[in-house]
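2 protein chains.
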Amino acid sequence: MKPSIPKGTRDFNPAEMQKRQYIFSVIRKNFELFGYQPIETPAMENLSTLTGKYGDEGDKLIFKILNSGSFWDSVKGTPFGEDYIKKRQKQDDILKIPQDSWTEIQKKEFDLLLGYFTATNKLISLDLISQISEKALRYDLTVPFARYVVQHQHEITFPFKRYQIQPVWRADRPQKGRYREFWQCDADVIGSDSLINELELISLIDKSFGELKVPVLVKFNNRKILSAIAEVINASDKIIDITVAIDKLDKIGKDGVVKELQEKGIDDASIKKLDPIIEFKGSNADKVNILKQVVGNTETGKKGIEEIEYLLNHSKVNSCTLELDITLARGLNYYTGTIFEVKANAGTFTPSILGGGRYDDLTGIFGLKNMSGVGISFGIDRIYDVMDELKLFPESVSKASSSKLLFTHFDADTQAHCISLSNQLRANNIACEIYPDITKKIGKQFEYADKKQIPFACTVGTNEIANKKYVLKDMQSGTQTELRIEEIIEKLK
Amino acid sequence: MKPSIPKGTRDFNPAEMQKRQYIFSVIRKNFELFGYQPIETPAMENLSTLTGKYGDEGDKLIFKILNSGSFWDSVKGTPFGEDYIKKRQKQDDILKIPQDSWTEIQKKEFDLLLGYFTATNKLISLDLISQISEKALRYDLTVPFARYVVQHQHEITFPFKRYQIQPVWRADRPQKGRYREFWQCDADVIGSDSLINELELISLIDKSFGELKVPVLVKFNNRKILSAIAEVINASDKIIDITVAIDKLDKIGKDGVVKELQEKGIDDASIKKLDPIIEFKGSNADKVNILKQVVGNTETGKKGIEEIEYLLNHSKVNSCTLELDITLARGLNYYTGTIFEVKANAGTFTPSILGGGRYDDLTGIFGLKNMSGVGISFGIDRIYDVMDELKLFPESVSKASSSKLLFTHFDADTQAHCISLSNQLRANNIACEIYPDITKKIGKQFEYADKKQIPFACTVGTNEIANKKYVLKDMQSGTQTELRIEEIIEKLK
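Which chain is which? The protein sequence lines are A and B, in order.
For the first sequence, the working numbering assigns the number 1 to the initial residue and increments by one for each residue that follows.
For the second sequence, the working numbering assigns the number 1 to the initial residue and increments by one for each residue that follows.
Wrong hints could be hidden among the right ones.
Copies of the same chain look alike in the list, so a pair counts if it fits in one copy or across any two.
Unchecked claim - Calculated lysine-lysine pairs in the BS3-like style (CA-CA distance at most 30 Å, straight line): (1) K60 <-> K87; (2) K441 <-> K303; (3) K469 <-> K53; (4) K90 <-> K108.
For the record, the hints were derived by calculation from the structure and aren't laboratory data.
None of the values given here were measured: they were computed from a predicted structure.
So that you can see chain A by itself, here it is in the shape it has in the complex (with noise of 0.2 Å):
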């Protein structure tokens, strides 16, 4: 039987980690340069910390873990317990013998057993779900970074700046792109409502990307102007319907909007006042006004007006483009304030690489009230797509192996002395192996630098190590040179 991994997991080879590792570090050095700083939660939570934080629909995607120990051991007691099977059993053994024949205890106890299962049959529900599992595997970073604010609270001080990268799990139906262990790397600052914040989040994702090189599309709006409009069109209740049905904008068009709007009972007339929002197209600042035209007689709308012209007024970005989208609603119920959503702006990919926003009140669900914060979601496996597409990674870090030169030999002895030769490259830094196995045959070597990607091979032999001078040969090239060890480790430094 061929081993396999479960279904939307990925083992990752020393290619893709390279690729991978190299996004982690440039966001990780930025998140610090910003003065994130770094926390980590364990993988997995109590289950009533996450359940009913997703939805319906994303409790159902949550990863249960069996309670540990014997299984029986966790279920005793439950109406699936031995307990339950053992008394099945006596009810069995007493049906085998003809009624008529029974003596009273067993007539007692048949009672008994009836009404016990009566009783536990109604209670046989959901709720074994709590009896059997109650820890679950983390399903993002937001809700566990909620529950470790309330929860060390006494030890923040506040504003507190995180930042977070770690693995998170989702039993979604895998597809391309689609994980069910993917990676998360979220920057948040809470305890905080000044819209600096804003400004620091958007040079964070314009000095990131601009590093990886991705060209990026930096859009964003702010959830007031969604609840101005709601109110322009009597529809304060159905702001939830109106914000859904708008960040479907993208996939279903004009026409599917407006008919998700009718069949959440918007009647035409107010739909067609979301017309020149819908429809627009124009720079920053014509989207201001047409803004200033359809909500800027609200209060609500007032105040996102000023948050934006704000941030258009204030932020400077070197690589990317910052668009305001008026139309951007982003689906989670959360934000309260400036959203955020980035796309790649070269290349096939165009699901979003990056969200995010502010929120009045994530610690709520905790009992902490009136914290607002803001902050982003790097979507690394999808930056890693749009990068490999557009080949984007350095050459050196896509490489099969990262060693810049491979130590060859003859036999144990001109083997051994490679030890203290790879110990002098290492302590510069240099990143060397020896060929492990011990063989004549320096053309098997040699193909296992060039299979490995190793740039330079070093041959060791009994007559360098008397001359002290060891020829190195460029793998790309073929050149062979004869060079003392310090000579060697000038040219790899």
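Put chain B on the given structure of chain A with help from the hints.
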């Protein structure tokens, strides 16, 4: 309800994360300098990949994941499924009718139900678990590595040197220093039986602990010696019992080991022969001589001694002490040659902080035979504890924040001015923050810098902006200096 996390798991705060990242980065850098390449495997493996690989006790400690989708869907058709419940209810319904007034159909149905329950109750067994759980969390990195090698054997160039740094999960009873989620850092080379690999691992251990400044004792032995001993005392069939008993010498003393050997049926004359080995104290060379006397006349003993002498003759260590420990056994059964164990040589922490060894048939369990390999595993959580006790972490990684400077200000305008200043610092790789809230209270902003242990604060007011000179405050000494932004960059770079 105060939120919490599952027992045996941990949150890591920024100060802990920085220290952990410091250890990881030193180990990772050295793995790469020695030519080990990174791979990662999924947190969840197929249950069948893991079960039966860690012994009965280990199997019980594997965290199993409930099949996704509705729980009822996953148990449907099993003894505990909806069908089972429905049948039980039907049985109970029939039983409510006095047996003598049952119809022929009811009699027939009852007999069928009784037969069904008799059969299924027999089936209700441990098999259930495989019906509701097919996946489990990684228990170590070794079995997933073996699975990886077999699954990807045709893409791999052997010998294959890989490293892997990932968390593992065990449903062990949590106690001091033992967690249910902890990290392993493994380096292995597979597909090579040359002893150069052992030598390189010794160099790697020496260099890594040297850089971490942890004084360590590197103990090693060879499983062939243990096999030879068993042979000499005519107890080759009891090699595992002997290994397990000698492995406990540290904990239960010589008397304890003798008692355990007696219990396992080794006769007193044979135990007597072990005396020189168990009791001997002396130099590495002295120990080799003892081994020659005791097992030097067996084939296996000769081979083991030869391997030990090779390592002693060729190893070069700078910072650690290398000790041949002829009583070192290491519990795991798959080791067949050299075995390693590292302990801190200072402080009060006694458990081993690294372990490893050579195995001749790790991938055999997945069908790939004759793949000799050797590897080590750094116990990062324990190394952390040792370094914390001995205060070995550099000051720079022991802070609540890694930011070098905090920009303080007085209002929205002066705060906004900080953006371009902070971007200049970041372009020079200086981590900095802008105090996120707008407040005239400069004291509150300094307090934030103090609490986060940010070493410098830079005040940006309207005068400062006009003069292009900013007040830089050294938070520790309290010294204030007026400097241009270029001068601040020069000072902090």
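Verification of the supplied hints:
1. Taking the closest pair of Cα atoms, K60 and K87 come within 30 Å of each other only across two copies (27 Å); inside a single copy the shortest separation is 33 Å, beyond that limit.
2. Taking the closest pair of Cα atoms, K441 and K303 come within 30 Å of each other only across two copies (26 Å); inside a single copy the shortest separation is 76 Å, beyond that limit.
3. Taking the shortest alpha-carbon separations for K469 and K53, neither the intra-copy value of 67 Å nor the inter-copy value of 49 Å comes in at or below 30 Å.
4. Taking CA atoms no more than 30 Å apart as the test, K90 paired with K108 passes in both settings, with 13 Å inside one copy and 21 Å between copies.
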